[in-house]
Every structure is written in C-alpha cells, then in structure tokens.
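Number of protein chains: 4
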Amino acid sequence: MKKIKICAVVASRANYARIKYVLLALKENPDVELQLIVGASTLLYRFGKAIDVIVKDGFNPLRKLYYVIEGETLTTQAKSTGLGIIELSSAFEELQPDAVITVADRFETMATAIAATYQNIPLIHLQGGEVSGNIDDRVRHAITKLADYHFVATEESKKRVIHMGTDPAKVFNFGCPSIDVLTHIDLKIDNQIMKNYGGTGKIDWGKPYVLMMQHPVTTTYGSGYFEVTETLSALKDFTQYQKVVLWPNIDAGTDDISKAIRVFREKNKEDNFSFFRNFSPEDYARILNNCTCAIGNSSSFIREGSFLGTPVVMVGGRQENREHGKNITSCDYQKETMILKIKQQIKHGKYQSETLFGDGNAGKQISKKISVLFIT
Amino acid sequence: MKKIKICAVVASRANYARIKYVLLALKENPDVELQLIVGASTLLYRFGKAIDVIVKDGFNPLRKLYYVIEGETLTTQAKSTGLGIIELSSAFEELQPDAVITVADRFETMATAIAATYQNIPLIHLQGGEVSGNIDDRVRHAITKLADYHFVATEESKKRVIHMGTDPAKVFNFGCPSIDVLTHIDLKIDNQIMKNYGGTGKIDWGKPYVLMMQHPVTTTYGSGYFEVTETLSALKDFTQYQKVVLWPNIDAGTDDISKAIRVFREKNKEDNFSFFRNFSPEDYARILNNCTCAIGNSSSFIREGSFLGTPVVMVGGRQENREHGKNITSCDYQKETMILKIKQQIKHGKYQSETLFGDGNAGKQISKKISVLFIT
Amino acid sequence: MKKIKICAVVASRANYARIKYVLLALKENPDVELQLIVGASTLLYRFGKAIDVIVKDGFNPLRKLYYVIEGETLTTQAKSTGLGIIELSSAFEELQPDAVITVADRFETMATAIAATYQNIPLIHLQGGEVSGNIDDRVRHAITKLADYHFVATEESKKRVIHMGTDPAKVFNFGCPSIDVLTHIDLKIDNQIMKNYGGTGKIDWGKPYVLMMQHPVTTTYGSGYFEVTETLSALKDFTQYQKVVLWPNIDAGTDDISKAIRVFREKNKEDNFSFFRNFSPEDYARILNNCTCAIGNSSSFIREGSFLGTPVVMVGGRQENREHGKNITSCDYQKETMILKIKQQIKHGKYQSETLFGDGNAGKQISKKISVLFIT
Amino acid sequence: MKKIKICAVVASRANYARIKYVLLALKENPDVELQLIVGASTLLYRFGKAIDVIVKDGFNPLRKLYYVIEGETLTTQAKSTGLGIIELSSAFEELQPDAVITVADRFETMATAIAATYQNIPLIHLQGGEVSGNIDDRVRHAITKLADYHFVATEESKKRVIHMGTDPAKVFNFGCPSIDVLTHIDLKIDNQIMKNYGGTGKIDWGKPYVLMMQHPVTTTYGSGYFEVTETLSALKDFTQYQKVVLWPNIDAGTDDISKAIRVFREKNKEDNFSFFRNFSPEDYARILNNCTCAIGNSSSFIREGSFLGTPVVMVGGRQENREHGKNITSCDYQKETMILKIKQQIKHGKYQSETLFGDGNAGKQISKKISVLFIT
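Protein chains in written order, with our numbering: chain C, 7 to 382; chain P, 7 to 382; chain U, 7 to 382; chain H, 7 to 382.
Read the hints as simulated data drawn from the structure, not as lab findings. The reader is advised that the hints may include incorrect statements.
Okay, derived cross-link-like pairs now, DMTMM-like style, lysine to aspartate or glutamate, Cα gap no bigger than 25 Å in a straight line [as the list claims (entries may be wrong)]:
no.: 1; chain 1: U; residue 1: 265; chain 2: P; residue 2: 173
no.: 2; chain 1: H; residue 1: 33; chain 2: P; residue 2: 100
no.: 3; chain 1: C; residue 1: 273; chain 2: C; residue 2: 261
no.: 4; chain 1: P; residue 1: 62; chain 2: H; residue 2: 162
no.: 5; chain 1: C; residue 1: 165; chain 2: P; residue 2: 173
no.: 6; chain 1: P; residue 1: 70; chain 2: H; residue 2: 58
no.: 7; chain 1: C; residue 1: 70; chain 2: U; residue 2: 104
no.: 8; chain 1: C; residue 1: 165; chain 2: P; residue 2: 143
no.: 9; chain 1: P; residue 1: 273; chain 2: U; residue 2: 272
no.: 10; chain 1: H; residue 1: 273; chain 2: C; residue 2: 34
no.: 11; chain 1: H; residue 1: 275; chain 2: C; residue 2: 272
no.: 12; chain 1: C; residue 1: 273; chain 2: H; residue 2: 104
Incomplete in silico selection of chain C near chain P, CB under 7 Å [claimed, not checked]:
no.: 13; residue: 42
no.: 14; residue: 88
no.: 15; residue: 124
no.: 16; residue: 144
no.: 17; residue: 148
Quantities reported herein were computed from a predicted structural model and do not represent experimental measurements. Don't be surprised by glycine CBs; every beta carbon is placed ideally from N, CA and C.
Please model the entire structure based on the sequences and the hints provided.
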C-alpha cells in the first residue's frame with residue numbers, strides 16, 4: 007500500500023513545541039511518510055535556532071527555507087509572508103504531499119496555508135478556533151476558512167470553528183499536543199543539562215526564579231520598548247529571586263523589545279537576571295513547571311501553564327480574550343500593579359492542574375485520525 | 007479638515023466592473039482622497055488591459071504594479087499572490103492610506119488583504135459572504151476574517167458574514183455596485199462604438215447573438231480544455247446565431263482554455279464566432295443585456311444577469327452554490343445537454359428583472375458610509 | 007568513479023538552439039550527470055513553449071522554473087531577473103551541481119550567473135566576448151567577469167574575453183554549437199512536418215518566401231511599434247513572395263511589437279503572411295536555409311546565416327557591432343531603404359558558406375573539455 | 007534650469023564611509039537633486055544601523071528598503087540580491103533619476119547595478135578596477151561592465167578599468183572619497199563622545215588598544231569560526247593592551263564569525279576586550295588613527311590605513327591582491343604567526359602617510375564632474 011505523504015511546516019520555536027508530539031506520532035505511523043519542512047525563524051540564531059533541537063530530536067528536515075526579510079517592521083512581516091508563499095510553493099510542488107499540516111496562528115503560518123490551498127493540497131490546521139487579543143486572531147480564523155481539517159485544542163474552540171461555518175465532521179478535539187510534552191517526561195530540572203544552553207548571566211535552577219517572556223504586540227506596534235521596560239523594572243524589585251528572561255519572538259516590533267532588554271541589562275548588571283534564546287520543548291516545560299511565577303504574554307503560560315498550575319501574571323492585551331485556567335491573573339503595562347500581582351501569585355503558589363487544553367494524548371490521536379482521513 | 011485617504015486596489019477586469027461606481031463616488035466625496043492602485047492582470051494585454059478603460063474613465067492610478075508570474079499554473083497563482091504581497095506592502099507603506107478597499111474573492115485579492123492587515127491598515131471588503139463553488143469561496147471567507155468593514159451585496163451574504171462571527175455593526179448591505187453600472191446608462195448597443203474593441207471575427211451587434219464566457223475552475227485544474235471544447239461545440243450547433251466569446255480570466259488553467267479556443271477557432275473559421283478580450287463595464291452590460299442567451303460560468307451572469315433578466319445556461323460547478331435569480335439554468339459539461347438548455351432559454355426569452363443584488367445605488371451609499379466610519 | 011554534475015539552464019527558445027548540441031554531448035558523456043533546468047519564457051505559450059521541443063528531443067528537465075513577471079516593461083525585465091535569482095538559487099542548492107553552464111547574453115542569463123557564482127558554484131559560459139548593439143553587450147561582458155570557464159564562438163571573441171583580464175587557459179574556442187545543428191541534419195524542408203507547428207496563415211514551404219524575425223531593442227524601448235511596422239510594410243511590397251513572420255522574444259518592448267504585428271495582420275489579411283511562435287532548432291535551420299531572404303535583427307541571421315549563406319537584411323542597431331559574414335547587409339528603420347536592400351539580396355541569392363562561427367563540431371569538443379576540467 | 011536627479015544607494019555601513027563625502031558634495035551642488043536610498047544591512051541593528059548615523063549627518067533618505075533575507079548563507083546572499091533587484095526597481099521607477107550612483111563591490115551592490123542598467127538608467131560606479139581576493143572581485147568587475155561612468159580610486163585601478171575595454175573618456179581618478187573623511191576632521195579621540203556607542207566591555211580610548219575587524223570570506227565559506235578564533239586567541243596574548251573588536255559585516259558566513267566571538271567572549275570575560283557594532287565614519291577614522299595596531303581583513307585598513315599610517319596585520323586571503331601601502335603586513339590564519347606580526351607592527355609604530363588612495367578631495371571633484379557629464 008502506498009503511504010500517505012504528510013508535509014509538516016515548522017516555522018518558529020513556538021510552532022515546534024506545539025506540534026512535536028504530532029510529528030513523533032506521524033513518524034511512527036506506518037501509513038504515513040512524514041515530510042518535514044523547517045523554515046523562517048526556526049533557522050535563525052537570533053530566535054534560538056530551533057532547528058538544532060529538531061535535528062537532535064531525530065527529525066530530518068527535507069527543506070530548510072529561509073524567508074525572513076530582516077527588519078521586524080510591520081512591512082517586513084508582510085513581505086516575509088509573501089516570500090514564504092514563493093518558497094513554500096516550490097517545495098510543495100516538488101514534494102507533492104497528500105496533505106500539508108500547519109499549526110496555530112502566526113503571521114508566517116498564513117504563507118503555508120496559501121501555498122497549500124492555492125495548489126489544491128488539503129490543509130490540516132492545528133489549534134484553530136482560539137481567540138487571543140491581536141492580529142493573530144484574524145490570521146487564525148482566516149486560516150480556518152482556508153483549511154480542510156481542523157484539530158482544535160478545546161471544546162470552546164471546536165464550537166467556534168463549527169459556528170464559523172465549518173463542516174462539524176471535519177473538526178476534531180483531541181486536546182493540544184503541547185500538553186503531550188508535559189506528560190511524557192520527568193519534570194525535574196537539571197542544572198548540568200541546562201548549562202548547554204549558554205545564555206548570559208548566572209542561574210542556579212535549583213533555587214527560586216521568576217520567568218519572563220514578553221513578545222511584541224503587533225496591533226500596538228511602536229510601544230514595545232515601554233511595555234517591556236515596565237515588566238523588567240517590576241522584576242528588579244524582586245531582589246530575593248533569580249530572574250530568567252527569554253528573548254522575544256520574531257513578530258514586528260521585536261527590535262524594540264530586544265533593545266529595551268539590552269539597555270536594561272547594561273544598566274542592571276548586578277541584578278540577578280539571566281537571558282536565553284531557546285530551550286527544547288521539554289526543558290522549557292521544566293522551566294515553566296519549576297518557576298515561582300511567570301510574567302509576560304506568552305500563550306504557553308495559558309496552555310502548558312494551566313496544566314502545570316504555574317502562577318502567571320499576564321501582561322497587556324495580547325492574550326486578553328483567550329480561554330484560560332485559574333492560574334492566570336492579568337494586568338496592565340504598569341510597574342506598580344505588576345509588582346502587586348506578582349506578589350499575590352508568589353503568595354498563592356502552584357495551582358491545581360487543569361485539563362482545559364487536553365490530557366496529553368493528542369499527538370497519537372491526531373496521527374491516527376489522519377490515517378483514517380487519507381487512507382482510501 | 008484633513009481628508010481620509012482611501013486606497014483602492016483593482017487587480018482584474020472583473021474587479022473593476024464591480025467597484026467602479028464606488029470609485030466614482032469616492033472620487034467625488036469631499037471627505038476622501040482616493041488613492042488608486044491598478045495591478046496584476048489589469049495591466050496585461052492578454053487579459054484585456056482594463057487599465058486603458060480605467061484611465062479613459064478619468065481615474066489616475068498612483069501605482070501600476072506588475073505581479074503576475076506568467077504560467078497560470080496553480081503554483082504560479084500562489085507565487086503571484088506572494089509577489090503581490092511584496093509589491094503592495096511597499097505601496098501601502100509609501101501611500102499611508104487610512105483604509106484599503108478591496109473587492110470580492112479572486113486569488114490576488116488575498117495579497118491586498120494580507121498587505122493591508124499585516125500593516126495595521128483597516129481593510130474594507132466588498133462582496134463578502136457570498137458562496138460559489140470553488141477555491142474562491144475559501145479565499146472570500148478568509149478575507150472576511152481579515153477585514154474590518156464589510157459591504158455585502160445581498161441579505162443572505164450579510165447573514166453569513168455575521169454568522170461567521172463578525173460584529174454586525176460593521177456589516178452593511180447596500181447591494182452590489184456592479185448593478186449601479188446598469189442603472190446609469192442607456193443599454194442600447196452601438197455597432198459603431200463596438201468597433202473600437204477590435205476582436206477577431208465579424209459581428210453585427212444589431213443581430214441575434216449568444217454570449218459565452220467560461221473561466222478556468224481551479225479546483226478541477228487540468229480539465230479546462232475538455233470543459234470549454236464541449237461548450238464551443240454546443241454553440242456551433244446554433245448556426246442561425248452569431249456567437250461572441252470572451253477570452254478567460256487569469257486563473258490557473260487559463261492556458262488550457264485559451265488553447266481549446268484557439269484550436270476550435272482554427273478548425274471552425276466559417277462558423278460565425280467572434281472573440282474579444284475586454285469591454286468597458288458599460289459595454290459589457292449592453293452586450294449581456296442584448297444577447298439572446300449567455301452560456302458559461304461567469305458570476306456576472308448571476309449578478310448583472312438577474313437584474314437584466316438575461317437567459318443564462320450556467321455550466322459546471324464554478325457557481326453551483328451561489329445565490330441566483332430565475333434567469334439561471336444549470337448544466338454539466340456535456341454538449342448535448344447544453345444544446346437542450348440553450349434552446350429552452352432561447353425559447354423562454356428575457357426574464358423579469360430581479361433586485362437580488364441591489365437596485366443600483368450602492369456606490370454612493372458605500373462612499374457615504376465610509377465618510378461616517380472614518381471621519382472622527 | 008563519481009560523475010560530475012553539470013547543471014544547464016535553458017531560459018529561452020534562442021538559448022536552446024545554441025546549447026542543444028552541448029546538451030546532447032553532455033548527456034552521452036559517461037563522466038557527466040546532466041541536470042537540466044528549463045525556465046522563464048521557455049515554458050510559456052506566448053513565446054513558443056520551447057519546453058515541448060526540448061522534451062520531444064529526449065531531455066528530462068529536473069526543474070521547470072517560472073520566473074517571468076508578465077508585462078515586458080524595462081521594470082518587469084529587471085524584476086524577473088531578481089525573481090530568477092531567487093528561484094535558481096533554491097534549485098542549485100538542492101541539486102548541488104559541480105558546475106553550472108549557461109549561454110549567451112539575455113537578461114535572464116544574469117540570474118543564472120549570479121545564483122551560481124554567489125553560491126561558489128563554478129560557472130561555464132558559452133558565447134562570451136561577442137559584441138552586438140544593445141544592453142545585451144553589457145550583460146554578456148558582466149557575465150564573462152562572473153564566469154570561471156569560457157567557451158567562445160569566434161577567435162575575435164576569444165581575444166576580447168582574454169583582453170578583459172581573463173586567464174587565457176580558461177578560454178576555449180570550439181566554435182558555436184548552433185552551427186552543429188546545421189551539419190547534423192538534412193536541410194530539406196518538408197511541408198507535411200511543418201504542418202504540426204500550426205501558425206496562422208497559409209504557407210507552401212516549397213515555394214519562395216521571405217523570413218522576418220524582429221525583436222525589441224531594449225535600449226530604444228518605446229519605439230518598437232514603429233520599427234516593426236516599417237518592416238512589415240516593406241514586406242507587403244513583395245507580393246510575389248510568401249512572408250513568414252516569427253513572433254518576437256520576451257525582451258522589454260515585446261508587447262509593442264506584438265501589437266504592431268496584430269494590427270498589421272488585421273488590416274492585411276489578403277497579403278500572404280504567415281505567423282509562427284516557435285520551431286525546433288532543426289526546422290528553424292531549414293527555414294533559414296530555404297528562405298529567399300531574411301529580414302530583421304535576429305542574431306541567428308548572423309550566426310547560422312553566415313554558415314548557410316542566407317541573404318540577410320539586418321535592421322536597426324541591435325546587432326550593429328557584431329562580427330558577421332558577407333551575407334549581411336544593414337539598413338535603418340525605413341521602409342523604402344528596406345525594399346531596396348531586400349531586392350538587392352534577392353537578386354544576389356545565396357552566399358558562400360563561411361565558418362566564422364565554427365564548423366559544426368562544437369558540442370562534442372566542449373563536452374570533452376568539461377570532462378578534462380572537472381575530473382580530478 | 008532643471009536639476010539633474012542623482013539617486014545614490016547606500017546598502018552597508020562600509021558603503022556609507024566610502025560615499026559620504028560624495029553625498030555631501032552632491033547635496034550642496036546646485037545642479038543636483040540628491041535622491042538617497044538606504045537599504046539592506048544599513049537598516050539593521052545587527053549590523054550597526056548605519057541609517058541612524060546617516061540621518062544624524064543631515065541626510066533625508068527617500069526610501070528605506072529592507073531586502074536582507076536573514077540567514078547569511080551563500081544561498082540567502084544570492085536571494086537577497088534577487089529581492090534587492092525587485093525592491094530597487096520599484097524605487098527607481100518611481101523616483102525617475104537621471105543617473106544612479108553606487109559604490110564598490112559588495113554582493114548587494116549588484117542589485118543596484120542591475121536594477122539601474124536594466125531600466126536604461128545611467129550607472130555611476132565608484133571604486134571600480136580594484137582587486138582583492140574573493141568573490142567581490144568578480145562582482146566589482148561585472149559591475150564595471152554594467153556601469154556607464156567610473157570614478158576609480160587609484161591610477162592602477164584606472165588602468166585596469168580601461169584595459170577591460172572601457173572608454174577612457176568615462177573613467178576618472180579623483181581618489182577615494184573615504185580619504186576625504188580623514189582630512190576634514192580633528193582626529194583626536196574623545197572618551198566622552200565614544201560613550202554614546204554603547205558596546206559591551208570597558209574601554210579607555212586614551213590608553214593603548216589593538217583594533218580587530220575580521221569579515222567572513224565568502225570563497226572559504228564554512229571556515230569562519232576557526233579563522234576568527236585564531237585571531238581572538240592571538241589578541242588574548244597582548245594582555246597589556248585593550249582590544250577593540252567590531253562585529254563582522256553581513257556577508258555569508260557572518261553567523262559563524264559572530265558565534266566564534268560570542269563563545270570567545272563568554273570564556274574570556276576578564277580579558278579586556280570591547281565589542282562594537284558601528285561607528286560614524288569620523289569616529290571610525292579616529293579609532294583607526296589612534297590604535298596601536300589593527301588586525302583583520304577590512305579594506306579600510308588598506309584604504310584609510312595607508313593614509314593614516316596605521317600599522318596593520320592583514321589576515322588571510324580576503325585582500326591578498328589589493329594594492330596597498332607600506333603599513334600592511336600579511337599573515338595566515340595561525341595564532342603564533344599573528345602574535346609575531348602584531349609584535350613587529352607594534353614595535354614599528356606609525357608609518358608615514360601615503361596618498362595611494364587620494365589626498366582627500368574626491369567628493370567635490372566627483373560632484374563637479376557629475377554636473378559636467380549630465381548637464382546638457
């Protein structure tokens with residue numbers, strides 16, 4: 007019997023954490039030939055070169071496609087999407103997949119969706135139907151309208167996708183594959199292993215730390231410098247804790263945020279901050295699990311955070327409409343409020359685990375369903 | 007008071023007919039500075055150089071953007087969209103419009119939608135919420151999810167756009183501006199004026215003729231040659247009528263259709279066929295109004311056709327789910343059935359006018375509403 | 007022993023005629039794995055789809071790359087070159103050739119040269135060192151400076167390439183492979199076979215005809231309509247001859263020339279003109295050999311023409327500085343002069359064969375030398 | 007009288023230093039309207055955002071064009087050139103300059119040359135005719151073949167450009183405008199002003215320091231990590247000197263070099279190294295003038311260095327064939343040899359000033375000559 011060719015496109019470090027367990031399951035699925043394309047910021051040092059982790063995990067990308075036009079303005083973000091369509095169209099034409107699988111809502115994801123659907127290749131979309139608070143929402147829903155099959159992560163998302171006019175027979179909720187990462191590993195953190203990540207600053211992972219990850223908000227492009235400086239200043243107050251900061255993702259405005267971090271770092275060298283570019287999905291899960299509190303606007307705080315029960319202070323509007331668990335408290339870009347909220351969350355400590363985004367068995371179920379859908 | 011800058015992108019001859027009366031109204035709206043961009047097939051000889059008609063109509067395009075990658079395969083169609091994003095992003099960045107206005111559902115339209123929304127420029131979309139029977143549906147609905155304001159053409163479309171999760175306060179139905187063309191002119195056809203269009207073959211517009219316009223169907227890419235040959239062969243049977251054929255649009259597969267037409271033409275030189283590349287919206291309206299019967303798969307047969315009462319034989323699945331009036335009868339790609347259906351429609355003659363797609367006052371109402379939305 | 011991978015890029019119908027016998031020899035060279043890329047206008051109906059002839063000749067292109075941005079203005083010509091670099095870079099990266107081979111001087115050729123040399127892939131250039139009378143000269147010499155090995159077509163060209171600072175040990179003159187086409191076939195023309203080319207108009211190849219091929223001149227962009235109308239009008243005078251016209255190549259300005267041809271054709275239907283888009287290199291050779299006189303500005307009139315002794319009237323400045331044989335007489339864009347010159351050439355009849363551009367054994371010698379250069 | 011529109015494209019920090027005094031002179035030339043385009047790495051934080059210096063110097067760029075495809079591989083370098091052609095073609099089409107002026111030999115410069123010449127815009131090239139030791143040579147000479155007017159920097163370069171077949175009447179030697187920078191300022195360095203550049207590490211510019219700037223060598227792509235580590239290790243030996251390191255330029259392979267610098271820096275925090283991304287041309291001149299010795303492969307060591315008499319150790323083959331003064335000594339990528347050569351140069355101290363690359367009056371003379379050439 008001929009194998010079905012499923013082409014997966016991973017275009018950012020966040021993408022990978024969310025799709026890894028689907029890729030693992032597809033790789034072991036005897037019905038499937040997995041064609042992996044790694045592209046965009048996944049290949050770039052500035053954004054943590056997730057490609058290295060992917061290869062270390064045993065995957066063999068058939069294409070490495072560079073389509074980030076450097077600059078991280080709104081215009082280059084749009085143009086990178088255009089270039090992505092050009093590059094991905096060639097790859098799909100040569101690889102002739104039976105279906106393309108893509109994840110989430112980032113601006114580059116649109117390139118995958120257009121290149122596939124315009125070439126009449128069925129599109130499988132993970133994590134449709136969610137809402138957050140920025141341009142990603144539009145992109146995510148637009149991709150839903152382009153896609154053929156939908157593996158959503160929550161019941162509410164399922165309803166939303168169907169309500170948008172999608173055939174219910176093509177919408178499946180097996181939970182989010184990013185939760186799979188959490189249930190397949192020992193969540194203990196290991197100082198020795200963590201050394202491999204380099205990073206700047208000193209950190210003892212066995213001692214308490216606060217985690218910060220704050221991405222640009224494309225709809226308020228231009229105010230990132232201020233936004234992130236407030237958070238860093240708030241964290242400075244917590245002298246008794248180590249502070250772990252992840253560099254932002256590639257969205258328009260990342261330059262401002264990076265600059266704010268660099269300026270802050272230069273002025274506050276003695277303040278117990280460490281800075282990192284990327285972790286494997288597993289090590290990131292451990293870091294999130296073991297932190298005293300997390301602050302910023304990463305959707306992982308909501309997704310993996312709700313399962314792990316991590317106390318989170320969610321900053322600004324980037325995730326404001328997203329379905330979330332009890333571990334989340336929100337606040338504005340205001341240092342004083344942030345300090346207050348962080349204190350509350352530290353005092354509260356770990357929350358009970360919630361399975362809002364699944365119970366950690368999504369990958370295999372999605373892989374099985376793909377067999378059923380495409381084996382004829 | 008500062009004028010609001012509204013940037014309209016016209017990217018195909020069909021686009022223009024549908025947006026012309028909005029452009030005219032915006033041009034005369036004292037609140038508005040109209041920025042016109044003309045791009046893609048609108049600039050190309052093979053597709054009728056609609057730019058010439060646009061300039062003749064008194065418009066002054068600020069940019070002429072070439073972004074059609076020749077080949078008309080599914081892959082070049084995707085890549086042209088990518089290149090379109092790159093080109094339009096530059097234009098929007100330089101022109102700094104307060105809003106971008108785009109129309110319908112063609113593949114290039116997506117380029118406009120992404121370039122605008124990714125740069126945080128509000129997007130106004132005309133003719134959302136409709137359904138037809140091909141890839142255009144996905145594109146149209148995806149654009150609806152990206153857009154900020156929606157000027158739909160029918161009540162059913164309005165419901166559909168709202169049902170997809172759109173804020174009802176941002177959805178307006180003033181009918182379709184393509185109907186405006188029909189109500190502002192004398193519909194009598196003039197042999198003398200028509201001579202300017204050149205075309206090959208002899209035609210006396212005062213005598214009976216059947217009109218044919220059949221575009222590629224991207225979802226059945228590869229079968230266009232057969233599809234169009236059936237229709238031409240059916241028409242050949244109607245020896246007592248003149249036959250007027252329009253060359254197809256630029257969708258993937260257009261090459262096959264053009265080839266079928268050329269081969270047919272070479273073999274049937276004596277058979278009273280004429281071939282044309284483009285007409286002004288007004289002259290096209292006259293042709294559609296005066297034809298004995300129209301056959302093919304153009305949406306204009308449904309849209310303008312329902313208002314004009316033109317008897318239409320709709321071929322294949324390209325428009326199969328589209329809301330339509332009584333003037334439409336459908337049939338498969340089968341010569342014999344086509345002949346039968348054409349005979350029935352000829353026998354029936356003109357239908358009563360229906361206002362399903364509006365009453366011909368859309369342009370001014372849309373222009374007024376844009377003032378209200380953007381004047382602050 | 008590992009074969010050397012030689013990647014050839016054919017990007018226009020003219021390219022193919024000039025490189026075919028090198029490709030044939032490389033294909034049969036046991037040291038070589040030929041990787042053929044076919045791109046740009048070679049794939050397009052409007053320019054004769056030379057790809058069909060290439061496949062019929064037994065070649066199997068590994069990539070078909072579309073990178074013509076339609077419009078044929080000076081700007082789209084530049085942009086097509088840019089897109090060509092993007093597409094060819096991907097192909098070279100995937101195919102990993104030991105060397106890239108390219109031919110001549112057309113604008114798209116620059117894309118091949120940059121994509122190869124910027125990726126540190128040795129570049130073999132055919133037909134460097136020639137001079138003509140337009141932008142091609144600059145492009146040709148610029149490519150010479152980028153290339154590693156040079157297979158020139160004449161002694162004068164060899165001197166010129168060396169004089170430009172090239173290492174003489176890397177410059178070889180085995181003549182032009184386009185002459186090989188002439189020495190390997192029966193040059194008799196066959197009405198029956200010629201029917202397969204379609205074309206419009208009636209032609210009996212057994213009876214006398216004048217051949218016309220006139221391309222745009224990019225340095226006088228904008229005056230093509232006038233230029234070609236003069237030639238067509240001159241030809242009209244020769245009522246006793248059939249006239250065979252080839253559509254122009256894709257250079258900027260081709261639209262004007264095509265328009266002039268179409269307008270002329272529409273007005274002069276009774277005048278014994280036939281129009282064709284493409285011939286195989288062999289059939290083109292036969293046509294050139296059997297014509298009473300050739301007029302226009304094609305370099306084939308000089309190259310193959312000198313070997314065949316075809317009487318030629320060379321129009322305008324496009325080839326003005328090119329080394330040529332006795333068969334060439336030149337004239338301005340002036341109908342009356344053209345008529346005079348054509349009459350002179352018809353009166354003169356065939357010229358003696360000259361071997362200025364080689365004796366017809368270039369392909370094999372080039373292939374052998376490539377073995378020597380790259381086998382280590 | 008109508009001004010002549012001269013469009014200058016600055017596409018890297020090195021470009022700017024070399025063309026600044028021409029820009030200043032053109033800006034004050036009453037015959038000229040200067041159109042400045044700033045593009046590529048000039049806009050990027052990673053490469054020092056030279057745009058900030060340009061704006062501070064009083065220039066007003068009409069276009070900021072992003073066309074760096076991030077990745078810095080040989081393939082992205084080629085593709086960035088392709089994208090550059092697309093972007094620059096649009097800009098030239100809109101700005102309609104009477105001539106385009108470009109400088110030197112970098113890969114992006116080719117994009118400017120093609121976009122201009124393919125659109126029939128005369129191209130003025132600065133610094134043609136030089137030789138160095140890498141791909142830049144080919145690019146430089148290819149640009150010479152494309153260009154219309156040549157402002158070279160040395161007599162030897164002039165001979166070379168003419169020898170390549172250029173009309174001597176279009177080749178002018180007024181010296182290199184980068185020398186103009188040196189003769190128009192006080193070369194004393196000021197600790198206070200230098201603080202504005204940030205940088206990491208501590209430096210007292212009043213005390214002795216060794217300067218290092220080592221760029222990737224595209225023809226030995228892949229070995230940059232090793233190459234630069236040798237130099238850094240050699241410098242470590244000079245404990246009594248401060249070490250000032252500039253981050254490399256954007257050529258393919260820059261990622262390896264940056265990585266080597268980061269790894270070295272992390273391991274040798276106590277070793278008196280400082281790291282910078284960009285300086286204004288003037289401050290860079292001061293740094294080069296005041297350093298005890300310079301090591302690396304920057305052409306500024308040869309160009310400005312010969313005028314300033316800076317003792318230089320030139321590493322590897324990147325500049326191996328370049329005409330240079332007595333201040334240069336060369337060596338391989340070998341730590342021990344480097345240490346030896348640096349010691350020799352320190353011992354020798356400053357060299358006598360040489361005017362090989364001009365006497366510092368190039369900008370005004372070039373500007374005057376441009377008036378003469380284009381005023382008609």
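query = Broken hints, numbered, in rising order?
reply = 1, 4, 6, 10, 12 and 13
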